[in-house]
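Peer 1: The residues making up each chain are set out below.
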Amino acid sequence: SQTIHQWPATLVQPVGSPLSLECTVEGTSNPNLYWYRQAAGRGLQLLFYSVGIGQISSEVPQNLSASRPQDRQFILSSKKLLLSDSGFYLCAWSVPGSHSGNTIYFGEGSWLTVV
Amino acid sequence: LAKTTQPISMDSYEGQEVNITCSHNNIATNDYITWYQQFPSQGPRFIIQGYKTKVTNEVASLFIPADRKSSTLSLPRVSLSDTAVYYCLVGGATNKLIFGTGTLLAVQP
Numbered sequence: 001s002q003t004i005h006q007w008p009a010t011l012v013q014p015v016g017s018p019l020s021l022e023c024t025v026e027g028t029s030n031p032n033l034y035w036y037r038q039a040a041g042r043g044l045q046l047l048f049y050s051v052g053i054g055q056i057s058s059e060v061p062q063n064l065s066a067s068r069p070q071d072r073q074f075i076l077s078s079k080k081l082l083l084s085d086s087g088f089y090l091c092a093w094s095v096p097g098s099h100s101g102n103t104i105y106f107g108e109g110s111w112l113t114v115v
Numbered sequence: 001l002a003k004t005t006q007p008i009s010m011d012s013y014e015g016q017e018v019n020i021t022c023s024h025n026n027i028a029t030n031d032y033i034t035w036y037q038q039f040p041s042q043g044p045r046f047i048i049q050g051y052k053t054k055v056t057n058e059v060a061s062l063f064i065p066a067d068r069k070s071s072t073l074s075l076p077r078v079s080l081s082d083t084a085v086y087y088c089l090v091g092g093a094t095n096k097l098i099f100g101t102g103t104l105l106a107v108q109p
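In the order they appear, the protein sequences are chains A and B. In terms of this note's numbering, the first sequence has 63 at position 63, counting the first letter as 1, and numbering is strictly consecutive. In terms of this note's numbering, the second sequence has 85 at position 85, counting the first letter as 1, and numbering is strictly consecutive.
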């Protein structure tokens, strides 16, 4: 069966420090991969999605970036965090090219607090 | 990806049936309708998916009229543990999955 893991689960970082959140998917090949952010009490904001290795589409042109160095690995990064980057970050995957393409599976989430 | 519109919040009592409606006027022919449930500090999880008419599983039913411009998630006999945010997502084999604002369902004793 397919599983998705992301880490770390909780992170407290000072303003201006770098960020790296990592996500891996097991049990499937060539998944679509996503990073979402959710501020407290708000909806899900799509940050990045990827349809393959090295292929990243950005929805939020801010100080965040994403990379996909391997088929089932997705990394969210920042060189210098802002206070507004605080939130709940979710990695997710879906099966491309089928009617179930909008069936999306989420990881456990990572809480980031920028202080 | 079809834009969706849902009520921001709904209130209910334990044991009642709850119906949450989602509007998606520009749904495409190949789009499916999928509903998700999200608890605080967790990722959304799949509830039910359909294309037309009615779909039922062990936790919910999904009603889709013939024009497919809306859908209704029906939760039978809700309990306190059903308090959550519910999202409808409309799309087909698309790569860009954007969630709407969702509906916060509050179930009271």
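Be aware that one or more of the hints could be misleading.
[To be verified] 20 Å max Cα-Cα, derived EDC-like pairs, lysine to aspartate or glutamate:
1. B:K3 / A:D71
2. B:K96 / A:D71
3. A:K80 / A:E59
Derived by calculation from the structure, the hints in this document are not laboratory data.
Peer 1: For the pair supplied as a hint, B:K3 and A:D71, is the alpha-carbon distance within the 20 Å limit?
Peer 2: Between B:K3 and A:D71 the Cα gap is close to 30 Å, so the pair fails against 20 Å, i.e. violated.
Peer 1: Is the hinted pair B:K96 and A:D71 satisfied, with a Cα-Cα distance of at most 20 Å?
Peer 2: holds (18 Å)
Peer 1: Would the hint linking A:K80 and A:E59 be met if the CA-CA limit is 20 Å?
Peer 2: Distance of about 19 Å is within 20 Å: holds.
Consistency with the previously given hints fails for number 1 only.
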